[in-house]
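Peer 1: Those protein sequence lines, which keep their order, are chains A and B. Okay, so the first sequence: first residue is 1 according to the UniProt record's numbering, each after it adds one. Okay, so the second sequence: first residue is 1 according to the UniProt record's numbering, each after it adds one.
Simulated from the structure, these hints should not be mistaken for lab results. Just so it is clear, the structure is predicted and the values come from calculations on it, not from any experiment. Wrong hints could be hidden among the right ones.
[As the list claims (entries may be wrong)] Incomplete in silico selection of chain B near chain A, CB under 7 Å:
(1) Leu16
(2) Thr66
(3) Ala69
(4) Phe70
(5) Ala73
(6) Leu85
(7) Gly86
(8) Trp182
[To be verified] Listing some non-contacts, in silico: residues in chain A with all C-beta distances to chain B over 12 Å:
(9) Pro101
(10) Pro129
(11) Glu217
(12) Ile219
For every residue, glycine included, the Cβ atom is placed at its ideal position computed from N, Cα and C.
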Amino acid sequence: MNGVHDMGGMDGFGKVEPEANEPTFHHEWEGRVMAMVRAMGANGGVNIDSQRFARESLPPEVYLASSYYKKWFLAIENQLVERNMVGADELEAGHSLHQSPPLPRGKFTLDDVKRCETRANFDRQPQGPASFKPGDKVRTKNINPLTHTRLPRYVRGHTGVVERINGCHVFPDTNAHFKGDHPQWLYTVVFDARDLWGDDADPTLKVSIEAFEPYLEKI
Amino acid sequence: MAHDHDHHHDHEHSELSETQLRVRALETILTEKGYVDPKALDAIVEMYETKIGPRNGARVVAKAWTDPAFKQALLADATQAINTLGHVSRTGDHLIAVENTPQRHNMVVCTLCSCYPWEMLGLPPVWYKASPYRSRAVKDPRGVLADFGVTLAKDTEIRVWDSTAETRFIVLPMRPEGTDGWSEDKLAELVTRDSMIGTGLPKKPAEMKS
Chain A
1 MNGVHDMGGM DGFGKVEPEA NEPTFHHEWE GRVMAMVRAM GANGGVNIDS QRFARESLPP
61 EVYLASSYYK KWFLAIENQL VERNMVGADE LEAGHSLHQS PPLPRGKFTL DDVKRCETRA
121 NFDRQPQGPA SFKPGDKVRT KNINPLTHTR LPRYVRGHTG VVERINGCHV FPDTNAHFKG
181 DHPQWLYTVV FDARDLWGDD ADPTLKVSIE AFEPYLEKI
Chain B
1 MAHDHDHHHD HEHSELSETQ LRVRALETIL TEKGYVDPKA LDAIVEMYET KIGPRNGARV
61 VAKAWTDPAF KQALLADATQ AINTLGHVSR TGDHLIAVEN TPQRHNMVVC TLCSCYPWEM
121 LGLPPVWYKA SPYRSRAVKD PRGVLADFGV TLAKDTEIRV WDSTAETRFI VLPMRPEGTD
181 GWSEDKLAEL VTRDSMIGTG LPKKPAEMKS
């Protein structure tokens with residue numbers, strides 16, 4: 001979706017402001033939100049892409065005005081309600097009021113914490129040979145789906161070069177909507193900044209994205 | 001921003017913010033439904049507060065600075081190379097290490113959200129997830145570097161890696177001069193979090209606390 005989350009190349013947000021000695025969490029609730037989202041992902045209630053889509057789907061004014069973990073919280077609440085795991089009445093009451101569907105991988109317990117130390121594996125068996133190889137010139141498609149995509153707007157319709165093949169992975173565009181893995185080849189595609197931003201761009205700059213094969217066409 | 005350094009889950013505040021109340025309500029609901037064990041949530045929080053942080057990445061960088069064979073393996077397949085090191089925590093697929101050279105400086109961003117190599121660097125800092133960095137890194141990286149007090153030579157090529165998939169990136173910064181013969185442990189002290197994102201450079205020996 002063409003949401004406000006897709007920020008690459010936007011102007012006007014001001015300076016980057018690093019914080020010295022930043023704590024892991026600024027408020028105790030931020031840690032609880034992070035842990036709940038990890039847990040509900042690990043037990044199969046949501047997935048990484050569905051969570052991203054839920055955050056992107058927050059109204060732009062809410063997205064921009066909310067802190068990072070506030071966005072995570074609003075998104076997980078919305079998702080759990082949409083997926084009938086939590087009722088709006090229960091959020092209101094602050095307690096479970098009725099039966100909810102079981103989770104695909106059951107309750108998240110202490111035994112599950114260890115596997116949260118490392119990232120899940122998104123590698124999948126290829127469905128066919130890769131269409132592109134390093135050195136190939138490609139153009140990113142001009143797509144504007146209302147659904148989730150990982151092709152940022154600032155590269156759409158631009159010409160780049162395939163630099164490396166990174167294997168075959170879960171396709172976020174379908175996984176976000178619980179429509180299956182649909183494994184796709186993943187490439188690093190490099191763009192010259194002047195192709196993206198025009199003649200005034202930094203001549204020393206190259207930008208790459210990680211592009212799934214359906215985002216690309218041969219030229 | 002007000003800092004709340006209280007990490008006790010059941011500590012009672014006299015005034016609870018609306019967000020705190022809502023977060024507690026959701027945790028209560030998920031617990032009552034048997035979806036999560038709150039002790040498991042405590043363990044996740046503790047893991048990121050005490051165990052997983054930029055020290056992991058710093059040790060990998062220091063190892064690459066002292067061991068050419070490891071460096072080669074790291075640049076070829078970072079996940080595999082790191083998982084052969086017993087003393088550093090494991091990392092998931094697909095970690096990619098990118099090397100800074102006198103000709104080329106690498107910088108990592110996630111314009112769409114906040115993708116970041118958690119196992120190597122811990123949870124990302126607020127600025128990494130905020131609009132100014134996400135919007136400008138791909139268009140004006142030198143301006144962003146200036147916000148961090150970093151200036152590169154005019155002809156240094158800048159490569160920005162936008163993490164738009166499940167690949168993750170760690171920058172292998174250049175080893176500072178004047179560190180010949182230093183041990184891995186001592187070198188790791190020079191490796192800052194930002195130098196592994198590409199928004200900073202490693203400390204120089206003179207910046208070390210004696």
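Peer 1: Sort out which numbered hints this structure fails and list those numbers smallest first.
Peer 2: 1, 2, 3, 4, 5, 6, 7, 8 and 9
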